[in-house]
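Participant: Here are the chains, one letter per residue:
Number of protein chains: 2
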Amino acid sequence: MDACRAFFYRVKLYLTALGKWVALAVVTGFCCGFLGALFHMGVEMATKYRTEHPWLLWLLPAAGLAIVGLYKLTRTEGQGTNDIIDVVHLGKGLSIWLLPTIFFSTLLTHLCGGSAGREGAALQMGGDIGYHMGAAFHMDDRDIRTATLCGMAAFFSALFGTPLTATVFAIVVVSIGVLYHAAFIPCLVGALTAYWVSLELGVEPTHFAVAAPELDAAMMARVAILGALCALVSILFCNSIHFLQHILTRWLPNPWIRAAAGGFAVIALTFLCGTGDYNGAGMEVIVRAVEGGAARPESFLLKILFTAVTLGAGFKGGEVVPSFFVGATFGCWMGPLLGIPAAFGAALGLVSVFCGAVNCPIASIFLSIELFGAGGMLYFALSCGISYMLSGYNGLYSSQTILYSKL
Amino acid sequence: MDACRAFFYRVKLYLTALGKWVALAVVTGFCCGFLGALFHMGVEMATKYRTEHPWLLWLLPAAGLAIVGLYKLTRTEGQGTNDIIDVVHLGKGLSIWLLPTIFFSTLLTHLCGGSAGREGAALQMGGDIGYHMGAAFHMDDRDIRTATLCGMAAFFSALFGTPLTATVFAIVVVSIGVLYHAAFIPCLVGALTAYWVSLELGVEPTHFAVAAPELDAAMMARVAILGALCALVSILFCNSIHFLQHILTRWLPNPWIRAAAGGFAVIALTFLCGTGDYNGAGMEVIVRAVEGGAARPESFLLKILFTAVTLGAGFKGGEVVPSFFVGATFGCWMGPLLGIPAAFGAALGLVSVFCGAVNCPIASIFLSIELFGAGGMLYFALSCGISYMLSGYNGLYSSQTILYSKL
Chain W
1 MDACRAFFYR
11 VKLYLTALGK
21 WVALAVVTGF
31 CCGFLGALFH
41 MGVEMATKYR
51 TEHPWLLWLL
61 PAAGLAIVGL
71 YKLTRTEGQG
81 TNDIIDVVHL
91 GKGLSIWLLP
101 TIFFSTLLTH
111 LCGGSAGREG
121 AALQMGGDIG
131 YHMGAAFHMD
141 DRDIRTATLC
151 GMAAFFSALF
161 GTPLTATVFA
171 IVVVSIGVLY
181 HAAFIPCLVG
191 ALTAYWVSLE
201 LGVEPTHFAV
211 AAPELDAAMM
221 ARVAILGALC
231 ALVSILFCNS
241 IHFLQHILTR
251 WLPNPWIRAA
261 AGGFAVIALT
271 FLCGTGDYNG
281 AGMEVIVRAV
291 EGGAARPESF
301 LLKILFTAVT
311 LGAGFKGGEV
321 VPSFFVGATF
331 GCWMGPLLGI
341 PAAFGAALGL
351 VSVFCGAVNC
361 PIASIFLSIE
371 LFGAGGMLYF
381 ALSCGISYML
391 SGYNGLYSSQ
401 TILYSKL
Chain U
1 MDACRAFFYR
11 VKLYLTALGK
21 WVALAVVTGF
31 CCGFLGALFH
41 MGVEMATKYR
51 TEHPWLLWLL
61 PAAGLAIVGL
71 YKLTRTEGQG
81 TNDIIDVVHL
91 GKGLSIWLLP
101 TIFFSTLLTH
111 LCGGSAGREG
121 AALQMGGDIG
131 YHMGAAFHMD
141 DRDIRTATLC
151 GMAAFFSALF
161 GTPLTATVFA
171 IVVVSIGVLY
181 HAAFIPCLVG
191 ALTAYWVSLE
201 LGVEPTHFAV
211 AAPELDAAMM
221 ARVAILGALC
231 ALVSILFCNS
241 IHFLQHILTR
251 WLPNPWIRAA
261 AGGFAVIALT
271 FLCGTGDYNG
281 AGMEVIVRAV
291 EGGAARPESF
301 LLKILFTAVT
311 LGAGFKGGEV
321 VPSFFVGATF
331 GCWMGPLLGI
341 PAAFGAALGL
351 VSVFCGAVNC
361 PIASIFLSIE
371 LFGAGGMLYF
381 ALSCGISYML
391 SGYNGLYSSQ
401 TILYSKL
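Chains as they are written, first to last, in my numbering: chain W, 1 to 407; chain U, 1 to 407.
This is chain W alone, in the form it adopts within the complex (with noise of 0.2 Å):
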């Protein structure tokens, strides 16, 4: 009788707990997903308009001064993916202003030419959007350190139609080694909802076709030497980065003269290189590499010192687009090199530099699954694998921590 009384307890319990998140996880994905969904559409036009009115560019230095201006108006300043991933590690506070200001800084700095992604804009935007969801839930400390991992897998996944790798890279990202695994249905049902509200308001999922070559000991050796070789440009992708946000802090402490000063570069190097495909975030510089297997060798090299000089000088939008970018452009060079057809080293690339930045392996093979099919998913994965391996204690995120060694 009392076995029978503590089984169904014991059954209302998980019943209570499961209905608790699919609760939160369908209303921060309808959030998240019409959000982004508006996001998606206004980076695009932004995009678009900037193209068709080069003239813009010129506007840069402005657009740096007033996201200064609105980072000090809702006092985020300084606020950033780290920031999202610490509400997750250490219980911290959030502000709601945070959403606004990210969303129209990201829009700011695509349409007047930044050389920035949007992802990172999306960690936060959802990472707040969760937050904040799950204290008018009325949740507890550590529920709202899920709900948060809720709302960043939702609103990565309406941004980019890829809901499996939104799930498992929120939460495996925070915490390199462990596996929230509490999180995976409120994550995935939010990336899910978020994944139909996006496509129902005609955001199309991104995806590319490309071929895998068939299985093969010699291309699997190729393949793992071009892993090792994204990891080192996944590292310095990522010093890059520290580096001028570094250095450009201690240079021009005035956050002002430094967002126009750096506005000013972007246009200087924009002119000198003579071509926009560094400016926003280059999708179609991505596009042309995976799917038409052409790229400059110069391109990886000059879209991080873009996008090292624009993030530093405290534009934003995030980095992880343009890893896609330098990982694509390198992979599609140096594929022929070493015998890996170029569309199919673009798309290693792509993969590969961003699981070297930011160290999840198992994310980065779903990653690869969603955007290019499963046809090439052993070579993805021994390719993730070698890169996750070699770049280190290097990353991205400098509040995600590493938990056990890496050799």
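Derived from the structure by calculation, the hints contain no laboratory data. Treat the hints with care, as some may be off.
Put simply, identical chains are the same to the list, so a pair is met inside one copy or across any two.
What the hints assert, rightly or not - Here are the simulated BS3-like pairs of lysine-lysine, each with C-alpha atoms no more than 25 Å apart in a straight line:
#1 Lys406 x Lys92
#2 Lys20 x Lys406
#3 Lys12 x Lys72
#4 Lys48 x Lys92
#5 Lys406 x Lys72
Predicted, not measured: the structure shown is a model, and the values here were computed from it.
Take the given structure of chain W and dock chain U to it, following the hints.
Facilitator: Just chain U now, with coordinates in the frame of chain W:
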């Protein structure tokens, strides 16, 4: 200058580690691939021979005695998958004699119609090979644990033709909540090598042709309910096995008598059921459910009973393939009641009951991709996530630790 020297020192450190692990993994992969292929063919032949000569079932009690004798002779009594997990957890030692013992015991079990799998045996043989390979490479305690995981992944991969599932399973199964990232490359390279060797030796990778339904919210809800029911089935499966192990040991403390009595019990059960469907691994029943969409409603309960008696009596082979059988036949019957196509329900059930029993949702999602393709990935992820969450702290392996709360 110093920075330069430090950089090259680090490069050398990382490349040495990579070289060491690739060397160990390739050698381990070759051994495991060769023995795995041999084992695979052995089990196939034993199954074929038994199907052609049903009288072999009468020898099951004698086979039980032979197995007890074999374990006594090699002084490996009572060793099993939990001991492999303990090697990784606690750095315990392992006898090399476990390898031939479990090899022949599993073949005998299959030849005479005991209801058991082969993956448990694969994990033990692979772990044993990896452990002794690490020792042969003069590795320290920490590295020997990683080498053990490498062997587990390699043998699993050779037998099933699912290298990525094998890799992820090995690095997450020991401590639920921890990702042993440092073992990723050793396990992956071992699994790929063993997979290649087994392909060369003519082993067909396990793969099923199943069509996944289009993405749809109503179908998602149905899949979630099936996932919840699979959690209950996995609890029943694990607890039946533990319960019969416990009760048979208490009733018949003498292992000789236990094995013989268990053999007679399986014979009696077989005649009561009037079918050989529940003897051996039952791959043909799994194929019938997953590809043909056909299974009897009582199948999953009978397979639980047969397996619990077989393993409780001391026969060998492991619980993974029986969990596939139970899940596939359950899902095949329950799916249509919920509005899910029978064959797809079988595929969902197979992966979800496995997930509930081993507590590894990420490895289970990879299993679904490698067995059924990536088309239904999001459905499998939801069903596995719910099965993981609701299966509580039950599991096949008592040595497995679940580090964080599931709720």
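Participant: Determine for every hint whether it applies to the structure shown.
Facilitator: Here is how each hint holds up against the structure:
Proximity of lysine 406 to lysine 92 under the C-alpha cut-off of 25 Å is restricted to the inter-copy arrangement: shortest distance 23 Å between copies versus 28 Å within a copy. For the homomeric pair lysine 20 and lysine 406, the shortest alpha-carbon distance between copies (14 Å) is at most 25 Å, but the shortest distance inside one copy (37 Å) is not. In the homo-oligomer, the alpha carbons of lysine 12 and lysine 72 never lie at most 25 Å apart, since the shortest distance is 48 Å inside one protomer and 46 Å across protomers. Neither within a single protomer nor between protomers do lysine 48 and lysine 92 lie at most 25 Å apart by alpha-carbon distance, with minima of 38 Å and 62 Å respectively.
In this assembly of identical chains, lysine 406 and lysine 72 lie within 25 Å of each other by CA distance neither inside one copy nor across copies; the values are 40 Å within and 41 Å between.
Hints 3, 4 and 5 from the list above are not met by this structure, while the remaining hints are.
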